[in-house]
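Undergrad: Sequence lines, in order, name chains A and B.
Counting along the first sequence from 1, when you hit position 355 you're at 355 in UniProt numbering, and nothing is skipped either side.
Counting along the second sequence from 1, when you hit position 50 you're at 50 in UniProt numbering, and nothing is skipped either side.
These are calculated hints, taken from the structure and not from any lab test.
Careful, some of the hints might be misleading.
Note: identical chains are not told apart, hence a pair may lie in one copy or across any two.
Here are the simulated lysine to any residue pairs, SDA-like style, with alpha carbons at most 25 Å apart [claimed, not checked]: (1) K274 <-> E354; (2) K274 <-> N389; (3) K161 <-> L205; (4) K161 <-> R191; (5) K274 <-> L368; (6) K274 <-> A364; (7) K274 <-> R365; (8) K274 <-> D197; (9) K274 <-> S261.
These are the residues of each chain, in order.
There are 2 protein chains.
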Amino acid sequence: MAASLPNDPATAHVPIASLVRSEDTQALSDHLATMGMRDLVAELARLDDDAMGVAFRLLERDRAAEVFEALEPTYQQRLLGGLRADRVVHLIEELDPDDRVRLLDEVPAKVANRLLAALSPEELTLTTTLLGYPEESAGRLMSPEFVSLRAAMTVGEALAKIRTDGVDAETIYALPVLDDERHLIGVTGLRALVVTDRDNLVGDLMNTDVKFVSTHADQEVAARLVSTEGLIALPVVDAEQRLVGVLTVDDAMDVLAAEESEDAALQGARTPAKTPYLAMSVVSIARTRALWLLVLIVAAALTVNVLQVFEDSLAQVVALALFIPLLIDTGGNCGSQASTSMVRALAVADVRPEDVRRVVWREARVGLMLGLMLGAAAFVPVALIWEPNLALVVAATLVSICTWATMAGAALPFVARRLGIDPAVVSAPLITTLVDASGLLIYFGFANLILNI
Amino acid sequence: MAASLPNDPATAHVPIASLVRSEDTQALSDHLATMGMRDLVAELARLDDDAMGVAFRLLERDRAAEVFEALEPTYQQRLLGGLRADRVVHLIEELDPDDRVRLLDEVPAKVANRLLAALSPEELTLTTTLLGYPEESAGRLMSPEFVSLRAAMTVGEALAKIRTDGVDAETIYALPVLDDERHLIGVTGLRALVVTDRDNLVGDLMNTDVKFVSTHADQEVAARLVSTEGLIALPVVDAEQRLVGVLTVDDAMDVLAAEESEDAALQGARTPAKTPYLAMSVVSIARTRALWLLVLIVAAALTVNVLQVFEDSLAQVVALALFIPLLIDTGGNCGSQASTSMVRALAVADVRPEDVRRVVWREARVGLMLGLMLGAAAFVPVALIWEPNLALVVAATLVSICTWATMAGAALPFVARRLGIDPAVVSAPLITTLVDASGLLIYFGFANLILNI
């Protein structure tokens, strides 16, 4: 058991990579056999394609299938290339239908068709059904293999059914109860069945206040429902409210982790990528960032135009230029604080799209308070080192910029949501760049007013 | 059942708030009775303290306990103030020990002591044991109420024990197997017991490659283990490797959601707050942002000093000022892309602290590529509108700033981790502000070199 401890010194410092390089197959094979599943999966993911293939081929057949299932689709795809066709068929056949669909989404269409063709008729039906639902929908993610009960069953009958049907099911802990038309009428748990008398009826044990989603529901919404409700599995129904699958808690956690990575990328003004960092080439990493940088530099070009308009003012009072970075940084920071706050609040439904006015009004007051604080803090040193009028320009600009940037930062995630865009695209870099030009307009407006230039 | 649909039109548009205001107790009570648990919890969380208290007091006793358990500790605390003492005792007694500990962490010490004093001796022991573990540790979060089995038990005996001991346990789906000294030797699941013959031995069914954590393990690490392994419950052991609790998947999801909110706050340069956005006053919101803004404006003051040094150059070539916002924005954007990328990769262990050199070297090449792209894109328009030498200064600055900012953005989260600080503090606003002064040095360095000023 010790071998499975995450930081176990016995395994942590013998990297597979060096054993692969040494070409000592026996030592590598022995080493792999001692590793816990989790370490093994984590270590494989850190190898290059060739080394990963060498190590994987040395795994015992059933263990290999387990490892394959635990790997991210992107690694699964990379492994497939180096394996014999019969081995590939075995691995694909062993995957749960929902995991199989995620892999099929990753590979080129030609490979996907070849893999589908190799499936048994039964597994093929399960897979193509899932493939029929839109991407990012609960239907794609659900497991079509579940055990359902009827209200009229006794607990004894239910347990017997679970014993027979439960072999292929992804979970038997959450048990949907259906009527004769396969409509969902309640849910019970294996726990309730096990602790109760065998003559009781399922209908008397089931909970009828059931959470469920439609096959077309957004995966993230469904997964958050599993999380907030603390469910083991969430029933998924079709347009006629008939049960067609269940979304299990482990798949929900995977979705939430993937959404978190996607939001983190957007919040950093990067194009989300499914591949873990070290598995990406330098060129691919640059590609996830180039588009946003270009968009942002075009937006930033507006600041050049604004400054050009005020070039004479700048020539007259060069000291004005000194405060440009500080002022636009502060505006960007206020805007970033408000936007990251709203992106998160919208994601977890702490605020709803209809709260937009209430939120912007709150943020206006927050921004004003922060602006007054920063304006006061900046006034004294600028007045002492330069002169009171310049200090007044800087302080007035800080108050205005903070209020305006905070309001804009709070409003933009709502605008994105309204436009059907993920609010997370309103990133700190985007809001910073967007409020810069307006910040400069405010600054030179006050400068012209107060310094009479 | 329809009433529990997240977007059910029948309930979504009859807010509790207006019923509370109308003082029609009967209508409010009827309305509350029709609501699903989830909607009820969500709606209560949107009310002010008084309205929440009015609505809560109208709930039927057992339902109230369920709702109370489902509320965040911060709302639980706000509710307690308005309730009669006997009601409070009942609610606290009904909470699971781990949920109770989370509430006790929220309330003032005086209130916590009064609540503890009211507990039954049995519940008191469970609670004080958990309170003995460090904050943010797995021990605080685990449930001490679990069902454990012995390897020598038959499945029939195991099921009988589960039926007796399982009533108070938080989960009976994951079943730790212990030896005579209560050491963890394996884990099995209710599923395995239910589908197998009653004469089989637990020892033959259990999995001995068990993941577990110590009571002092970090909550986030433990919760991520539950997520990546797809566990129903993770065993928690003491220093002598004896089982003392289990961390269930629903609690793990709560931890991950809380960590995500905390990271989101840090990434937006805000002090994390446990209270949902709309439940915070405008002043409290401003307070979560003020400190970071002050730190950042002090850091930004460095840009004023740098520009002051180059005031003569600026006076000679005012056009240099025009590109300041664009150049520092771009540097900040490159740095933000790299830092957000590393914060996430470190959080999910895609990269490890020892990868720092490899990562910074990769990012140097990424930054160089992006800088070359942006420099080339900027050269032509600047050369056409102004003059080639100024264009050369801008392009050379872009190449250098992008490379430098990308490296710094990638390295800083590792530095934070090394210093024992959450890498998420390396936010886009922080990195933007930090690289600005150095960006200006680079810019005026090139300007002096190329324009001979």
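Undergrad: Now, for every hint given, state plainly whether the structure supports it.
TA: Now for the hints, and whether the structure bears them out:
{"no.": "1", "hint": "K274 <-> E354", "in the structure": "between (32 Å within a copy, 23 Å between copies)"}
{"no.": "2", "hint": "K274 <-> N389", "in the structure": "neither (53 Å within a copy, 42 Å between copies)"}
{"no.": "3", "hint": "K161 <-> L205", "in the structure": "both (16 Å within a copy, 21 Å between copies)"}
{"no.": "4", "hint": "K161 <-> R191", "in the structure": "both (15 Å within a copy, 13 Å between copies)"}
{"no.": "5", "hint": "K274 <-> L368", "in the structure": "between (40 Å within a copy, 24 Å between copies)"}
{"no.": "6", "hint": "K274 <-> A364", "in the structure": "between (37 Å within a copy, 22 Å between copies)"}
{"no.": "7", "hint": "K274 <-> R365", "in the structure": "between (40 Å within a copy, 21 Å between copies)"}
{"no.": "8", "hint": "K274 <-> D197", "in the structure": "neither (48 Å within a copy, 43 Å between copies)"}
{"no.": "9", "hint": "K274 <-> S261", "in the structure": "both (8 Å within a copy, 22 Å between copies)"}
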